[in-house]
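**Student:** Residues per chain, in single letters:
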Amino acid sequence: MFSSQARKIADACRFCWMCRHICPVGLVSCKEGNTPRGRALLLSLDTRGTSLTPDAYELMFQCALCNACSHDCATGFEPPVFIREARVEAIVNDVVPEAVKPVLERAMDGSISGLPVNNEVKEAMKKYHQKADILLYLGDSAKTNGSKSALALINILKKANVSFMMLEDEPDSGAHLYDLMGNTADVQNTAKECLNRIREAGAKTIVPIDPTYSRFFKHQCNEWGLMDGLKVVTATAFVAELIAEGKLKVEKQNIAATFHDPCRLSRDLEETEPARAILAAMGIELQEMFLNRGLTKCCGGAVLKETYPKLAGDMTKARWDEAKTTGANLLITACPCCAVNFSAYTPENMETTDIFVLLDSACK
Amino acid sequence: MQFKEFMINMIQSELEDVVGQQNVSVLEADKLTYGVDYFWVGRMWADKGRVPPKPDFIVMPGSAEEVSKILKIANYYKIPVHTWGGGSGSQGSALPMAGGIILDTKRMNKLLDLNECSRTISAETGMIFQNLEWHANQRGYSVMHIPSCLTCGTIGGALAHRGIGIMSTKYGKIDDQCLSMEVVLPNGDIINTLPVPKHAAGPDLNQIFIGSEGTLGVITKATFRLFEQPETRRFRAFLFKDFTTGIAACREMVQKIKPSILRLFDEAETVSIIKKIIGVEKPGAFMNLALEGYADMVDIEERIMFEVCNKYGAEDMGSEYGEKWYQNRITFFYPGHIMNNPQMFGTMDTVSTYENVEKIYWAMKKAVEQFKGVRFIAHCSHWYDWGTMIYDRFIMDEPPEDPEEAIRLHNKIWNAGVRAAMANGGVINDHHGIGLKLSRLMKEQYGGAMQVFEALKKSLDPAGIMNPYKLGL
Numbered sequence: 001m002f003s004s005q006a007r008k009i010a011d012a013c014r015f016c017w018m019c020r021h022i023c024p025v026g027l028v029s030c031k032e033g034n035t036p037r038g039r040a041l042l043l044s045l046d047t048r049g050t051s052l053t054p055d056a057y058e059l060m061f062q063c064a065l066c067n068a069c070s071h072d073c074a075t076g077f078e079p080p081v082f083i084r085e086a087r088v089e090a091i092v093n094d095v096v097p098e099a100v101k102p103v104l105e106r107a108m109d110g111s112i113s114g115l116p117v118n119n120e121v122k123e124a125m126k127k128y129h130q131k132a133d134i135l136l137y138l139g140d141s142a143k144t145n146g147s148k149s150a151l152a153l154i155n156i157l158k159k160a161n162v163s164f165m166m167l168e169d170e171p172d173s174g175a176h177l178y179d180l181m182g183n184t185a186d187v188q189n190t191a192k193e194c195l196n197r198i199r200e201a202g203a204k205t206i207v208p209i210d211p212t213y214s215r216f217f218k219h220q221c222n223e224w225g226l227m228d229g230l231k232v233v234t235a236t237a238f239v240a241e242l243i244a245e246g247k248l249k250v251e252k253q254n255i256a257a258t259f260h261d262p263c264r265l266s267r268d269l270e271e272t273e274p275a276r277a278i279l280a281a282m283g284i285e286l287q288e289m290f291l292n293r294g295l296t297k298c299c300g301g302a303v304l305k306e307t308y309p310k311l312a313g314d315m316t317k318a319r320w321d322e323a324k325t326t327g328a329n330l331l332i333t334a335c336p337c338c339a340v341n342f343s344a345y346t347p348e349n350m351e352t353t354d355i356f357v358l359l360d361s362a363c364k
Numbered sequence: 365m366q367f368k369e370f371m372i373n374m375i376q377s378e379l380e381d382v383v384g385q386q387n388v389s390v391l392e393a394d395k396l397t398y399g400v401d402y403f404w405v406g407r408m409w410a411d412k413g414r415v416p417p418k419p420d421f422i423v424m425p426g427s428a429e430e431v432s433k434i435l436k437i438a439n440y441y442k443i444p445v446h447t448w449g450g451g452s453g454s455q456g457s458a459l460p461m462a463g464g465i466i467l468d469t470k471r472m473n474k475l476l477d478l479n480e481c482s483r484t485i486s487a488e489t490g491m492i493f494q495n496l497e498w499h500a501n502q503r504g505y506s507v508m509h510i511p512s513c514l515t516c517g518t519i520g521g522a523l524a525h526r527g528i529g530i531m532s533t534k535y536g537k538i539d540d541q542c543l544s545m546e547v548v549l550p551n552g553d554i555i556n557t558l559p560v561p562k563h564a565a566g567p568d569l570n571q572i573f574i575g576s577e578g579t580l581g582v583i584t585k586a587t588f589r590l591f592e593q594p595e596t597r598r599f600r601a602f603l604f605k606d607f608t609t610g611i612a613a614c615r616e617m618v619q620k621i622k623p624s625i626l627r628l629f630d631e632a633e634t635v636s637i638i639k640k641i642i643g644v645e646k647p648g649a650f651m652n653l654a655l656e657g658y659a660d661m662v663d664i665e666e667r668i669m670f671e672v673c674n675k676y677g678a679e680d681m682g683s684e685y686g687e688k689w690y691q692n693r694i695t696f697f698y699p700g701h702i703m704n705n706p707q708m709f710g711t712m713d714t715v716s717t718y719e720n721v722e723k724i725y726w727a728m729k730k731a732v733e734q735f736k737g738v739r740f741i742a743h744c745s746h747w748y749d750w751g752t753m754i755y756d757r758f759i760m761d762e763p764p765e766d767p768e769e770a771i772r773l774h775n776k777i778w779n780a781g782v783r784a785a786m787a788n789g790g791v792i793n794d795h796h797g798i799g800l801k802l803s804r805l806m807k808e809q810y811g812g813a814m815q816v817f818e819a820l821k822k823s824l825d826p827a828g829i830m831n832p833y834k835l836g837l
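Sequence order for the protein chains is A and B. Numbered per my numbering, the first sequence spans residues 1 to 364. Numbered per my numbering, the second sequence spans residues 365 to 837.
It is worth saying that the hints were derived from the structure and are not from the lab. Some clues are possibly wrong.
List of simulated lysine-lysine pairs, DSS-like, C-alpha gap at most 25 angstroms [what the hints assert, rightly or not]:
#1 K127(A) <-> K8(A)
#2 K324(A) <-> K474(B)
#3 K605(B) <-> K640(B)
#4 K474(B) <-> K8(A)
Next up, chain A with everything else stripped away, as it sits in the complex:
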């Protein structure tokens, strides 16, 4: 059953095309069904007697949940609300698309990618498990295919003499499950268990390296009343503060680059300047993409990359095309998952790196 809020939003969006120019999925697939209006129309038809078909549910899972539509809406409607509920409905009605099923199973096991934890990261997690106020939360991507970012951030924290800890067998937060399953008891329980473990470990401040988790802890877990006694600071804000306090000695890099704002960071958390402060500290000549900060475009995300890799890959390539127009040969991002996505489709004569990998090499 869809909530009245979801139905209200779908009814508002069903005849409104205003955000289609910014929907990164619709712009690459070019299908009407891959726009907030298309999905809202299908849901509104369902309310009025034309039931959602399995292929309609497929469209619901093809949304990147990047919130570009909500951010653009002049009257404040948020399509992801009904998208998430449609996903719950798909699970309840046993019509989860074939492409999503294995990813959902992996997510329930704690990792959407199902990749093994990187050995160096595993060692670091063992090494830094002693109690500290600051807890570095890595999450799925940074532990596996985005491990370069994690190892670089660990080095940076060491260089700044930060006392920090990690959980040796870091539990899943439920952030990706939330995107796949919506607001369900399973997701809330996963988040609750994770936060209890963090509390039991004695941490006071969580520093997630991946903005997806920062957003999940700060917004969703807070809304569910699970954050008691815990504070969340994004990794970029935390490191920018270390630089501002003079705890890191950063060598100037004589390079020009463009910066991709991760959508969770820039749109959901409205945090755009700490990353730029880090880049400025490295002396990087920033050549901004036209769509920057809150207007950033999702590069494919973590979940969509697993469920619909071709679609996510097309989104990454589209963002690369925008990066290329800046004239810079280097694209920097501030999210391990974004870094993995961009690496997979790096165009000729271009390079990509994570902000912490670059900073680590610039710090003595």
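Once you have looked at the hints, place chain B on chain A.
**Tutor:** Same frame as chain A, but now just chain B:
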């Protein structure tokens, strides 16, 4: 369309051979999303639980060459082809009323050229217009085509419906802004209009295809004029004692100077929409404008603006309301502000010379308000030396419950309003197009001249596959 046995599969595989399997869909959900555009009838129909009109195939070509091959297939099998851009048109032009193929152009979305010497920009026509504008903005220019559907319509959609933007009084309509086009004819031939629109080599081919609503071919590429961003843009708002005085003042103004934005609202719209969104509390006819360009020239235009507005006794409301309108220019069209079901509504935009404007306004108001429970609001938002358009809307809060009865009443109101405009020197439509909504009235508008369009249609599309039931063709 009715396809016998496995014929639909045979055609599907031919289409897939042209554009790739991933760019052809016969899925039910996809079909439904192409069955509703901004046309009130389609929206009401869906909201009443009726199944929207559905295509048999959705095909997404990536180039003019692919469009050409699709049209050849469609011609061979005599399958209707409905070209779809953003689907945000209000006239039902893109709806697949005859089934067959929806040809979604949005994969054709590349920027082709930005020429700073000639100040032109060229792109494929499936690009969302906002994205074209952003490409221009990145280099310090603007196409200056800023309609309310900027973020949702495509380049092709604007061309196919002779669209207009809020800056039109200074920078022109889409038909003034477009220099040249590539068009795929119904037989699959790919043609180009001449490189420039000003010549003496016969009639302007651009103007045959601009406004043709997919009935004569598919526009696949277009080149537009580029404008420098103005050194200054100054906003102002005035309140006239009534609509009549406002029209006289605006006429005199645009015959002397060229504001980019000039919008005059009648008394009914001033006390409703303008009050709600802009916060103007006083009765009268609200007018907002923008003057732009080099500051020295704007100084002169501003002086003339004040002289004219003073002459007609307008109350100067300062720059704040003008700026506020500009900031909220598309807020008017978002859910919660724009008319929506269960209301019945429509925009009967017409255009005429100044001598007829008021006559048309009163005649349309009378014609529309004769229907019980219908109210009428209007504004004039695109001005020429010789005349202006009236963006008049009718609203009925409690239309008939029965959708078929509602359609009949809707069409009666439209017939009455548009015929009142035409009888008094107005034109059937200013900038939304004809589509399915006004198709039946095209012959009344053109009379004997309609044979020119009919001959073109017969010659270019003898099988009649291109967007049936639209544009009176």
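**Student:** Are the hints correct? Go through all of them and say.
**Tutor:** Hint-by-hint comparison with the structure:
As the CA atoms of K127(A) and K8(A) are separated by approximately 50 angstroms, the hinted pair breaks the 25 angstroms bound. Proposed proximity of K324(A) and K474(B) is supported: the alpha carbons are some 14 angstroms apart, at most 25 angstroms. With a C-alpha separation of about 19 angstroms, the suggested pair K605(B) and K640(B) falls inside the 25 angstroms cut-off, and the hint holds. With a C-alpha separation of about 36 angstroms, the suggested pairing of K474(B) with K8(A) is violated against the 25 angstroms cut-off.
Of the numbered hints given earlier, the model fails hints 1, 4; all others are met.
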